[in-house]
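Student: Take a look at the letters that make up each chain.
There are 2 protein chains.
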Amino acid sequence: MPINKGFVLASRPQGEASARNFRFFEAPAPRPGAGEVLVRHHYLSLDPYMRGRMDESRSYAASQKLDEVMIGGTVGEVVASNDPGFALGDKVVGQGGWQLYGVARGAELRKLPETRAPIQAFLGALGMPGVTAWHGANRILEPEPGQTLVVSAATGAVGAVVGQLAKARGARVVGIAGGAEKCGHAVNTLGFDACVDHRAPAFEADLAAATPQGIDRLFENVGGAPFRASFRRLNDFGRVAICGLIASYEGAAATTIEDMRLVLVRRIMIQGFIVMDRMEEWPRAIAELAGLAESGKLTWRETIAQGIESAPEAFFGMLKGRNFGKQLVKLI
Amino acid sequence: MPINKGFVLASRPQGEASARNFRFFEAPAPRPGAGEVLVRHHYLSLDPYMRGRMDESRSYAASQKLDEVMIGGTVGEVVASNDPGFALGDKVVGQGGWQLYGVARGAELRKLPETRAPIQAFLGALGMPGVTAWHGANRILEPEPGQTLVVSAATGAVGAVVGQLAKARGARVVGIAGGAEKCGHAVNTLGFDACVDHRAPAFEADLAAATPQGIDRLFENVGGAPFRASFRRLNDFGRVAICGLIASYEGAAATTIEDMRLVLVRRIMIQGFIVMDRMEEWPRAIAELAGLAESGKLTWRETIAQGIESAPEAFFGMLKGRNFGKQLVKLI
Numbered sequence: 218m219p220i221n222k223g224f225v226l227a228s229r230p231q232g233e234a235s236a237r238n239f240r241f242f243e244a245p246a247p248r249p250g251a252g253e254v255l256v257r258h259h260y261l262s263l264d265p266y267m268r269g270r271m272d273e274s275r276s277y278a279a280s281q282k283l284d285e286v287m288i289g290g291t292v293g294e295v296v297a298s299n300d301p302g303f304a305l306g307d308k309v310v311g312q313g314g315w316q317l318y319g320v321a322r323g324a325e326l327r328k329l330p331e332t333r334a335p336i337q338a339f340l341g342a343l344g345m346p347g348v349t350a351w352h353g354a355n356r357i358l359e360p361e362p363g364q365t366l367v368v369s370a371a372t373g374a375v376g377a378v379v380g381q382l383a384k385a386r387g388a389r390v391v392g393i394a395g396g397a398e399k400c401g402h403a404v405n406t407l408g409f410d411a412c413v414d415h416r417a418p419a420f421e422a423d424l425a426a427a428t429p430q431g432i433d434r435l436f437e438n439v440g441g442a443p444f445r446a447s448f449r450r451l452n453d454f455g456r457v458a459i460c461g462l463i464a465s466y467e468g469a470a471a472t473t474i475e476d477m478r479l480v481l482v483r484r485i486m487i488q489g490f491i492v493m494d495r496m497e498e499w500p501r502a503i504a505e506l507a508g509l510a511e512s513g514k515l516t517w518r519e520t521i522a523q524g525i526e527s528a529p530e531a532f533f534g535m536l537k538g539r540n541f542g543k544q545l546v547k548l549i
Numbered sequence: 218m219p220i221n222k223g224f225v226l227a228s229r230p231q232g233e234a235s236a237r238n239f240r241f242f243e244a245p246a247p248r249p250g251a252g253e254v255l256v257r258h259h260y261l262s263l264d265p266y267m268r269g270r271m272d273e274s275r276s277y278a279a280s281q282k283l284d285e286v287m288i289g290g291t292v293g294e295v296v297a298s299n300d301p302g303f304a305l306g307d308k309v310v311g312q313g314g315w316q317l318y319g320v321a322r323g324a325e326l327r328k329l330p331e332t333r334a335p336i337q338a339f340l341g342a343l344g345m346p347g348v349t350a351w352h353g354a355n356r357i358l359e360p361e362p363g364q365t366l367v368v369s370a371a372t373g374a375v376g377a378v379v380g381q382l383a384k385a386r387g388a389r390v391v392g393i394a395g396g397a398e399k400c401g402h403a404v405n406t407l408g409f410d411a412c413v414d415h416r417a418p419a420f421e422a423d424l425a426a427a428t429p430q431g432i433d434r435l436f437e438n439v440g441g442a443p444f445r446a447s448f449r450r451l452n453d454f455g456r457v458a459i460c461g462l463i464a465s466y467e468g469a470a471a472t473t474i475e476d477m478r479l480v481l482v483r484r485i486m487i488q489g490f491i492v493m494d495r496m497e498e499w500p501r502a503i504a505e506l507a508g509l510a511e512s513g514k515l516t517w518r519e520t521i522a523q524g525i526e527s528a529p530e531a532f533f534g535m536l537k538g539r540n541f542g543k544q545l546v547k548l549i
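Each protein sequence line maps, in turn, to chains A and B.
For reference, each letter of the first sequence is one residue, going 218 to 549 in my numbering.
For reference, each letter of the second sequence is one residue, going 218 to 549 in my numbering.
It is possible that some hints are incorrect.
[Unchecked claim] Covered stretches of chain A (in silico footprint by chain B; criterion: 3 or more residues with CB under 8 Å from a CB of chain B, positions within the stretch not fixed):
# : stretch
1 : 281-290
2 : 334-348
3 : 469-475
[Said to hold, decoys possible] Here are some chain A residues pointing at chain B (derived, C-beta under 8 Å):
#  : residue
4  : MET218
5  : ILE220
6  : ARG240
7  : ALA244
8  : ASN355
9  : ARG478
10 : VAL480
11 : ARG483
12 : MET486
13 : ILE487
Worth flagging that the hints you see were computed from the coordinates, not collected in a lab.
If you're wondering where the values come from, they're calculated on a predicted model, not measured in any experiment.
From the three backbone atoms N, C-alpha and C, an ideal C-beta is built for every residue, glycine too.
Please take these sequences and the hints and turn them into a complete structure.
Tutor: As structure tokens, this is what we get:
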């Protein structure tokens with residue numbers, strides 16, 4: 218068998234996650250049992266939700282277990298199969314984790330459809346982050362033409378898709394991102410109407426200037442002070458989708474709502490959501506996203522770290538916003 | 218013309234409202250103009266929303282104007298009519314304000330349906346508070362059989378109806394109220410499964426004991442610390458209807474959400490609402506509520522202050538929870 222390499226969770230972080238929380242391993246690749254498939258991973262997806270799983274069951278899902286391979290979405294190629302539904306060479310997406318090879322039952326894998334999109338897109342705009350954006354934009358926020366939608370982490374894997382879907386619905390889209398380069402990308406490449414740098418000293422005034430009619434729809438990926446500033450600008454019947462609170466993940470101060478009276482007075486709706494709750498929507502969402510991508514109406518950017526050994530540092534960088542677009546690790 | 222008496226708003230409160238904020242007046246009753254009707258009010262409704270209107274447009278509606286008659290729902294009898302749709306003696310509900318007589322256009326009045334319910338019920342369980350409860354319970358919270366619903370101000374005009382509607386849907390209903398007498402009423406007369414006294418030192422432990430399966434639905438009328446305690450006990454896919462935050466109305470500390478991560482992790486939905494936004498639902502809601510009342514499945518309690526002069530003190534008492542059930546002022 219080939220040699221497998223990867224990372225297990227060695228310990229739970231106190232505050233910020235660090236390299237000591239992971240332990241590298243090297244071992245023969247596992248053998249697929251009856252009905253199982255061995256996948257050689259081409260790309261590993263790094264996503265903010267992983268940070269929550271590292272903690273002691275404070276998250277929606279069970280905690281990542283200690284001494285087990287870190288969870289993570291993967292795309293790859295079938296290299297051994299005991300499931301008649303999968304042939305050698307089939308390209309599949311699954312939850313293979315932070316390692317070069319993974320064994321899975323066929324039911325845990327999804328074959329990639331025929332498309333011109335590169336394989337790793339099924340970890341990003343055509344995968345879990347894309348479906349997350351699709352659900353939040355089209356099922357929770359439902360922006361109407363002319364309404365102002367604000368999305369934080371605007372150039373991230375989810376935010377970039379949210380903004381483009383909202384533009385397609387006719388909304389005015391304002392991004393929030395860290396730094397001038399990301400903001401330029403949001404406006405010039407993703408087609409947002411404006412983007413505000415949350416690191417700028419005049420952030421609140423900039424946000425007000427970019428949302429002169431207030432905010433009707435807020436897609437929140439980050440939390441913290443920018444969230445509170447956006448929240449204060451919500452209009453009557455405003456809607457808020459809570460998708461992520463990365464600013465509060467690393468033992469930082471909790472994200473709060475300072476005065477619920479705003480929720481009452483402005484009849485605001487707030488919905489926390491997790492895309493895994495709506496698995497039945499995935500096929501439709503991915504088909505729609507793939508169609509938009511084929512016709513050039515959906516674009517995205519990637520940050521690709523090279524080699525499984527780089528996964529921890531790439532993950533820490535993503536938690537600090539050092540990535541630009543979807544954070545991937547290339548494994549082959 | 219008969220003599221009219223009532224109160225205008227004399228000044229805006231700094232913190233707690235007080236008698237100095239109102240000015241009593243006595244004057245000939247107004248004459249109805251073309252298309253108008255003169256109503257002799259039998260009952261005035263006192264409601265928490267009035268406190269918000271006294272402030273400088275911090276509320277959803279325009280502020281109550283200074284030197285104008287305090288707004289308020291009224292039921293009464295037509296005593297002069299220039300509208301062919303209204304005859305002398307017709308019983309009507311309207312927004313007559315804190316006074317004995319009011320002039321209104323016919324379109325601003327609603328004739329009372331035939332029912333055995335007393336006239337003042339159309340200011341309570343069969344009026345605005347009842348429709349508020351109906352919308353929150355049946356359109357926002359939609360509790361399912363076996364789910365746990367918590368409602369604060371449980372014996373109030375809104376809360377009592379919320380709990381009875383939720384019981385009719387098969388939910389386990391837990392009230393929060395101030396004091397043993399109100400809690401006893403919630404359980405013994407309104408039929409709630411349990412009621413927790415928010416003034417008790419062991420309130421949080423009592424709430425936990427009364428909601429052993431957590432909280433699926435929260436109808437919030439009060440805010441403050443009991444709200445935060447309820448919020449922490451919300452289950453996955455919990456829903457929260459924000460109807461009132463009376464604990465934060467009088468310059469007291471704002472009601473907060475301490476950690477939005479709970480909203481994300483438990484996929485919580487929060488909706489602020491105001492019943493006036495859904496006028497199209499009123500006829501159906503009132504018909505259903507009247508049907509329940511006729512069949513003995515909806516009951517309520519009233520606190521009735523006597524005479525227009527007592528309105529300010531009754532209002533202050535209601536803001537402090539001294540009323541027991543719907544607070545009314547009898548004017549005749």
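Student: A separate judgement is required for each hint: does it hold in the structure or not?
Tutor: Against the structure, the hints come out as follows:
1. 281-290: As far as the stretch 281-290 of chain A goes, the hint is violated, because 0 residues have Cβ atoms under 8 Å from chain B.
2. 334-348: violated (count 0)
3. 469-475: holds (count 5)
4. MET218: violated (39 Å)
5. ILE220: Constraint on ILE220/A not satisfied, violated at 38 Å.
6. ARG240: Cβ of ARG240/A sits 27 Å from chain B, so the hint is violated.
7. ALA244: Result: violated, 34 Å to nearest chain B Cβ.
8. ASN355: Check failed: Cβ of ASN355/A comes no nearer than 17 Å to chain B, outside 8 Å.
9. ARG478: Status holds, d = 6 Å.
10. VAL480: holds (4 Å)
11. ARG483: holds (7 Å)
12. MET486: Because about 5 Å separates MET486/A from the closest Cβ in chain B, which is inside the 8 Å limit, the hint holds.
13. ILE487: holds (4 Å)
Checked against the numbered hints above, the structure breaks hints 1, 2, 4, 5, 6, 7, 8 and satisfies the rest.
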